[in-house]
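> First to last, the sequence lines map onto chains A and B. If you're matching positions, the first sequence starts at 1 in the working numbering and goes up one per residue. If you're matching positions, the second sequence starts at 384 in the working numbering and goes up one per residue.
Please note: incorrect hints may appear among the correct ones.
[Claimed, not checked] Restraint ranges, calculated between C-beta atoms of paired labels, are given here: (1) B/Lys534 x A/Phe24: 56 to 66 Å; (2) B/Pro727 x A/Gly41: 48 to 58 Å; (3) B/Val607 x A/Arg135: 21 to 31 Å; (4) B/Lys614 x A/Gln227: 36 to 46 Å; (5) B/Ser557 x A/Leu75: 21 to 31 Å; (6) B/Lys614 x A/Lys232: 42 to 52 Å; (7) B/Lys534 x A/Gly23: 56 to 66 Å; (8) A/Gln227 x B/Val607: 51 to 61 Å; (9) A/Gln47 x B/Asn419: 28 to 38 Å; (10) A/Phe24 x B/Asn660: 51 to 61 Å.
Derived by calculation from the structure, the hints in this document are not laboratory data. Cβ atoms here follow ideal geometry from the backbone N, Cα and C, with glycine treated the same way.
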Amino acid sequence: MNFKLKKIIPQLITLFFVILIFGFFTFNAQINMENRGIEFGFGFLSQESSFDVQFSLIDYDGSHSYARAYLVGLLNTLLVAFIGIVIATILGVIVGIARLSPNYLIERSAAWYVEFFRNIPLLLQIFFWYFAALRALPLPQDADSIMGVFYLTIKGLYTPSFVWENLDIFIYSVIAVLISITVIRIYARKLQEKEGKQLPVFSISIALFIILPLLTFLIGGVSLNFQVPVLKQLSTTGFIYEGGLRLPPELIALTLALSLYTATFIAECVRAGIQGISKGQKEAAASIGLTPNQILKLVIMPQALRIIIPPTTNQYLNLTKNSSLAAAIAYPDLVLVFAGTALMQTGRAIEIVSITMLTYLSISLSISVLMNWYNKSIAIKEK
Amino acid sequence: MFKLIKQLTSFIAMLAVLFAFTTEAMAAKKSKTLKNTQKKGFVRCGVSQGLPGFSNADASGNWTGVDVDVCRAVAAAVLGDANKVKFTPLSAKERFTALTSGEIDILSRNTTWTLSRDADIGLTFVGVNFYDGQGFMVRKSSGITSTSQFKDGTSACTNIGTTTELNMRDFFNSKGISYEPVAFEKADEVVAAYDAGRCDTYTTDKSGLAAQRTKLSNPDDHIVLPETISKEPLGPVVRQGDSVWEDIVRWSLNVMIEAEEYGVNSGNADSMKTSENPAIKRLVGAEGELGAAFGLDNEWSLRIIKQVGNYGESYKRNIADTGILPDRGPNELWTKGGILYVPPAR
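Here chain B stands alone, though its shape is the one from the complex (with noise of 0.2 Å):
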């Protein structure tokens, strides 16, 4: 008797332990960051300190940017309201442990994809939502026009953190000339810093530029070199090891992109369920079953179009309306010649 008891018991541990391990299995394919965010009720999102244009704050504490919109986005699609969200400012030197910590669930912050980045610090780029390149700002009374006019003994004031310091060197080291740089750790004291006369030049991402400029004393006293030295694209991270949430942030941003390439926009997308074309169908939800790879309902795609818009309306919104690049440039749809090219949402 007492023997048979004992079998039992570990039977049933065993069998336990078999069911601990199956709905773990089960538990695995849906993200567990999604299930955080669902149950806290809005997304943790990390954004700049800010950057017109890319994540700012108005004084009412209402942040707008196209990082910004990218959060508002994932918000949309996984909690119904592009508003539950919840922005955690950071500076440059913070984010990434920010991210990987858990303090945040996705760091839509104008960060540059890079391998280094993607691959060594338990981060994984998830897309390119801005197109930008390092360059130079001048005082116009400097008589300077173009980079190759930089002598021996330049100052450069930038952001510590950030690889504009390594592009600022592998610069200025490939055109053999000598430069002091001056590092801040915050934008707002690079600005006061150049401002003042500190430095001959000011270099940053070149969106970052035209949106500093706008900050100086006299922003018509100082134009943006023409020459980019570098590549950086800007786009959303997430962390390591929730390939699920991953996937909801990338195809958030690409359905952004997807929609202003099909032409839905946020004043057309209910009228677009009618539509012909199978594409635009699938793009708000009214064919095929897309949310549930993720987890998520049919119309998720919808909600994104319709309470954050198109890319080019957030561009156009936050980039191009408040005067800070008006030209698209690189950031336009592949089909109008710029190089914004996403993989079908189908």
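Isolated chain A (complex conformation) (with noise of 0.2 Å):
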């Protein structure tokens, strides 16, 4: 009893003395607030907003409401976070592996590339994509195509875009592919457990992957075809293309800058990861005659991922963190169309820095979750 007490009443303190520190904090506002005139609450986001945002991944424009604004601002962090993490990683794990290589030449330029990208601030980095980088790019009327659809300039990466008919179909063929591959792979793994015979269930869901889609072309009534951006002119000197797909430099240069510096941290993980596997392994594996890929899959990645997985979380978060210094390049990120423009059309602080600061933490927190997920599930599960 006495010690069950002992180890209570810390516990207790402690979360009084918070309690009271918020307490104080709320009050703190309120008081504040009353003497300033400025009135709490929320009402303020069903109201219109009247600011344009220049790119959205969902319909907006001014007449709005500022919640709707939220929404934009809240999709293009999680667009650019989302890229970012991809590219971050393919390449993290790219240049983790080339580190251990043992080609001097490609051992030393991932070497070089590591040292230099995550050494360098990476708001200096984002300046120079989109400032350095952006200067040296042609204007819409001098740029050459790249395979005759694709034009890099100044204004942005112009791509045809697709023009779908019966979508719908084709998006079920490719969800039955996902399921019958699933299943496949089930009963390959029984197949194997039983009677010791092997599937080529990565052949299979390849070719599943072809003919599924491919059928609904043929004879499903599906059709794909692209629109290609047309120069057009706004005045003398001004150009911009029309139709097809537009990224803004923005976005390039934001994703660029934050993958190409995560990507280094990634990269030093998955190198400490596979090089924190005692060498025995593989040669034990060598022993019993798998193959060197099998060795890679079956042994070494398995036993590396446990290591590599939670420093990778941290730099997922940092990554998506990080995305908040958009603002400085006018990417309509959460911070810039939310903490940003909506704050200042409202005065709103309180309530909308409070707003951004819960969301940015449900987005980590739900990474972490994930991540957490994922490396429980690749963990040596002990009896």
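Please dock the two separately framed chains into a single complex, following the hints provided.
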């Protein structure tokens, strides 16, 4: 009893002080806001925002509400974080493995890349890609096409857009492929456990991925056309491309900077993970006749991943939070649109900053939960 | 005996409460902000991060500009020295929070007076020290000479957190033109992006365009279009709730404008004490008790004129002579065809 009390009391005291501090801040803010005639409330979220945003994934203009503007900012943040994480992971794994390459040239250039990019402040890199690299890009009218349909200009990357017919049938076929691949994998595993036979799951999957969607084109009535961007004149020297899809240079610069920067850290995680596996594992695997590919896939990677995942989760979180530097180069992310323009137009600093903070917290926690779950699923299951 | 003591103490307590209330009421007449400012010995003034002509710091950290002069005038009035100002450079985004949270006492940062800002967020605008309007800057080579030549797909660079963003939408919507807003947090980045060719046009207040144009790599390759798409009355702002401080800032500005109207400037202010005109004598503190109304001495306005100068001097020094906007346009006195008209200081 006494022992239990001893354990609980310090916790109670801590809790008391935490509540006291929070209470003090809330109280203090309340008093000061009242003194200055500022009201607290979230009613402004339903008001018309009356400002436009350069780039939005959902339908939005100034006649929509502030809540919708918040959603626009949030989606743009998630977009840049998602693309950044994908590119950083791919690049990071490649560079991480390259750093262990026996080839001197590959190993050195990977090392140089890591040391160079991780030691320059991220904001400077963003400015470099946006301002220095942007200035080097041609104006739309001077741009040479890439493969006849892509145009990389100072105003963005113009690509052909897809014009689908019967897109739903195509999507159903892709879903069908995914389900059948899962079934085949389960069957293949059982077959191996029971009879020791191995199915070429990978080749079957690829074949399915090609054949089924192709069938929808041939007999399902699905068709795909491309709309190619066409040069349009705005003034004597002002041009843009019309039709097709446009990626704003702000998005390109930001993703480039974020993923090149974060990839260096992921590369180090990967290297550490692989080097953390003792040589004996590899030699033992080789001695029972596994091929080098099998060694990497069945012995090294499952163990290395356990070392790689936790620090890599950190990098994913960093990348997501760093994406808020977007405001510096006019990419309309959550900070620029909501904690910037919307805050300015409404003057609701406390409300908007709290919403923004809670949003980043939720995004980070979601990534954390997801990665922890993945980490657990690959961890050694001890009995 | 014990009862008596008890009664006595309660009586004293009541007296003390009553006394506290009356002194509180008397103190309310004097401004809290004024008291704090006099105690600190400097005026806390929020300015821009660098807009030539309005508020700009030179290499040695000296601030100049018409917005800066408003704060200097207040410092001259309440502290007797126009140099006793602490300037805080603020972005458009930070400015109102800095003022409402009490970090600064005057916001003099080319801020547009609008209904929602005045009424909604705990601010009070005290006057207008520059009448401006939003315009567009384009490259000369584009051949555009009027906003009517803008076409669908025009990209416009600007700052976030300004009325500019809202006006731009109103303008393009009313013309039925689809446009791409590219909004940056800082003015320097807007200039760099526009200069690089990211945008077809740069839009902000015309005075701002004139000032930022000087920062472009080839200023002569760019023109400001003649159209003005909005009213932008720029002026100093104070916190809501201190009406005496509000009056001090308002009349420090008004005195500068009125001084120009009556031909009183930093050079002749002292000799004007013997003027025949009672309006001039009031302005330089030789007649009346105008300062007493806000708890200042009678020479407060004289100090403003002597140390900072009248509005015309401030404009000439900061905006005309620097080549930003040599023509005063609407910022000329009402007697000379402009719209500068202030209530009489009497």
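> For every hint, state whether the structure bears it out.
Each hint tested on the structure:
1. B/Lys534 x A/Phe24: 56 to 66 Å: Holds - the Cβ-Cβ distance for B/Lys534 and A/Phe24, about 57 Å, lies within 56 to 66 Å.
2. B/Pro727 x A/Gly41: 48 to 58 Å: violated (42 Å)
3. B/Val607 x A/Arg135: 21 to 31 Å: holds (23 Å)
4. B/Lys614 x A/Gln227: 36 to 46 Å: Cβ of B/Lys614 to Cβ of A/Gln227: about 42 Å, so the range 36 to 46 Å holds.
5. B/Ser557 x A/Leu75: 21 to 31 Å: Check passed, 29 Å falls within 21 to 31 Å.
6. B/Lys614 x A/Lys232: 42 to 52 Å: violated (34 Å)
7. B/Lys534 x A/Gly23: 56 to 66 Å: holds (58 Å)
8. A/Gln227 x B/Val607: 51 to 61 Å: violated (37 Å)
9. A/Gln47 x B/Asn419: 28 to 38 Å: Distance hint for A/Gln47, B/Asn419 holds at roughly 35 Å.
10. A/Phe24 x B/Asn660: 51 to 61 Å: holds (58 Å)
Hint violations for this structure: numbers 2, 6 and 8, all remaining hints satisfied.
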